[in-house]
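Residue numbers (our numbering), protein chains in the order written: chain A, 1 to 419; chain B, 420 to 838.
Be aware that one or more of the hints could be misleading.
[Unchecked claim] Not the full set, but computed from the structure, chain B residues with beta-carbon under 7 Å of chain A:
#1 K513
#2 S517
#3 Y786
#4 F797
#5 G800
#6 Y828
#7 Y829
If you are wondering where the hints come from, they were derived from the structure by calculation, not from laboratory data.
These numbers come from a predicted model, not from an experiment.
We put the CB at the ideal spot given by N, CA and C, even for glycine.
2 protein chains.
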Amino acid sequence: MNDLINTCILAKKASKTLTSLSEEVVNSALNLSATLLRENAEYLMEENAKDIEFAKESGKSASFIDRLLLTKKVIDGIAEGIEQVASIVSSVGKTEYSYVNEYQGITIEKKKVPFGLIGMIYEARPNVTADAFALAFKTRNAVILKGGKEAINSNKAIVKVIKIALSKCGIDENAVMLIEDVSRETTLKFVKMDKYIDLIIPRGSASLINFATKESTIPIIETGTGNCHVYIDEFADIDKAVEIVFNAKTQRYSVCNACESLVIHKNILEKALPKVYDKLSEKQVELRVDDLSFEVLSGKERVVKATTEDFYTEYGDAIISVKVVNSLEEAISHINEHCTKHSESIVTENEENAKIFQEKIDSSCVYHNASTRFSDGFVFGLGAEIGISTQKLHARGPMGPDALLTTKYYIKGNGAIRK
Amino acid sequence: MNDLINTCILAKKASKTLTSLSEEVVNSALNLSATLLRENAEYLMEENAKDIEFAKESGKSASFIDRLLLTKKVIDGIAEGIEQVASIVSSVGKTEYSYVNEYQGITIEKKKVPFGLIGMIYEARPNVTADAFALAFKTRNAVILKGGKEAINSNKAIVKVIKIALSKCGIDENAVMLIEDVSRETTLKFVKMDKYIDLIIPRGSASLINFATKESTIPIIETGTGNCHVYIDEFADIDKAVEIVFNAKTQRYSVCNACESLVIHKNILEKALPKVYDKLSEKQVELRVDDLSFEVLSGKERVVKATTEDFYTEYGDAIISVKVVNSLEEAISHINEHCTKHSESIVTENEENAKIFQEKIDSSCVYHNASTRFSDGFVFGLGAEIGISTQKLHARGPMGPDALLTTKYYIKGNGAIRK
């Protein structure tokens, strides 16, 4: 506990020194971090090997180990990511609004400023360690990192190298801190350090995010679980629909913007669904379908009846649920009821229907004739991504570095008093 | 409970109809609400009389009754407030960011959109009923109001009149709903209706805000308790300092942007403090002071030694605490430790000190040579004010109508799939 408080105090103190750093110094420190990570690739891989060995011993899956593994190529990718963050322009320090109140004799400026100290909680992905540091530091925030325990040796090594880069640039190395005690008790205390930490960003599985939402006394930006929908409207171009559903479902199964549920208008059901089925069968996707779809696909392989639960499920796998609706309105209300407010798409050639769908669907990203897989900070031109927010407060959808900024009013008078 | 859920369902449904309303229709409905409130002043005063009688019977204070009372003049002021909201321009529907990703074949637009359904919890001030409706409706949000039980008859009457105006303009009158069951149990259930309500804004006393923060499962914008500071720097113009402290402390005692604590550099203590004392004595302000100030003011009336608690206290009364510091840095760290992150001011002729103070003080509004009393949406040119946020997430400082907006990404392709 004392260790944790001490970590918070040191990081908070460092955060106060960051606001006065020039963009040049910040970018130099980021670029040096990238260089030193590359130069110390052997050391990072040695430390990573300890984590890999332990993960293998404890019988972790191949995909788990794949995400954990640091190779020269992976380290180069991490370094490139940091250099990419150095190259973008954030809004820190910019004036968002200004106003002169002549009657009262004051000028008002609303500026973009850092939150201060950010806490990041994530799982066993060492790349997030570098990523989170780069985005926080770029926007003049200090950051305390709490990564998954299975990556602790890798994370310690990465943070050690970054701290050297900061020191060499004359910057307080406590601007990035790693919590080395990876017990659950410490995480529980971490999310209650509201005296020091201004913002918590949990990044990872639904259970991690739920934990943070439930336990934290610090403001949170929830990043996203995604039960994403594609709706094939009665006026859809079926070829586009087939390609979009196939891409949204199968391009990558584990990501939050993958399609988990297909909604289809009954007037186009018999024409469209068999084609969608055939395309999805190229990748052996299982369909969990309602009664009407079941009739259309009767006797086909990998088609089973859906339960109520299916329509609330983010599979993250080669499975998709299918629901037939009688109208656009029914599609909208079904989706708003079951989605996680992440990304939904309508396939239609009817502009009016597209407009209604995009207005009424209450999700962060609403698509027309496009795959849900596009929800991503880089694709959206934000230069980098901290995560995808599924909340409405502060930041919604893919978040670039500016999501790590708040605002502050600077007011100047010359002895001004309120009349 | 069923009543409450029903209220939420009806209001949520109404919220969906608001996004397609034109600015003309919205403003007509606001102006008609104002007109009908004026025309029904007698009815409103009759209903208000029931609340006033009950308040008198239960021995409420004169200031309580003053805030509760509806006169023709007060009703006219309420109507003017609504007309003012009609006259401003909100950002609803505006595109905040757009990007064409040619490689992926999509266009991305990030638009300002309403939250959906807002819950407002406040105390026995009937004007907030009209105010909250006007701001929510202007930004195309439906609103459920939960006012103080002592104002229930007044609130019912105001909402009844507004609903008539909405109906006459062809708008779903459930866009504004009042919770008539004013029990604490209902309020507790209200702040857990996260299935329907997108945002809760508590407005009033610290205990009300703490209740909402602690109990709500819905995202909240905290509005402000204010333990505001004025710091007299060693390079201050003493005349300006005296006027600013006097204005910030005494212009209105009960408001959240009133000064509650004076911090003063020891090099200017003997010259400045007696003058501040003399000026504050015009209004019989009591000073709760640290040891050094006590020496300087020894033997004076209304000067007592401060306890540790005093420096954390928002008096809302003719009392001010006084703390002497040895440096600008000590002033900053004392203020950051004790303030509620609302509004703080430095009085100095030294521009460098002002710059450091404004950067390092972690409050929503930081002043240089001006009274803290300016923290207000109207003074800041926002056209209206929902409250003053003391949080960093989403909205910080005085909030205009745009604080009731979130964003949504609209993405369009022509069969676009992710490469």
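We went through each hint and held it up to the structure:
Of the supplied interface hints, the one on B/K513 is violated, with its beta-carbon coming no nearer than about 14 Å to a beta-carbon of chain A, more than 7 Å. Annotation: interface hint on B/S517 violated; nearest CB of chain A at approximately 9 Å, more than 7 Å. Of the supplied interface hints, the one on B/Y786 holds, with its beta-carbon coming within about 5 Å of a beta-carbon of chain A, less than 7 Å. The criterion of a C-beta within 7 Å of any C-beta in chain A is not met by B/F797, whose closest approach is roughly 9 Å, and the hint is violated.
Hint status for B/G800: holds, given a least beta-carbon distance of 4 Å to chain A, under 7 Å. Satisfaction of the interface hint for B/Y828 is found here, the shortest Cβ-Cβ separation to chain A being roughly 4 Å, below the 7 Å cut-off. At its closest, the beta carbon of B/Y829 sits 5 Å from a beta carbon of chain A; the interface hint therefore holds under the 7 Å criterion.
Hint violations for this structure: numbers 1, 2 and 4, all remaining hints satisfied.
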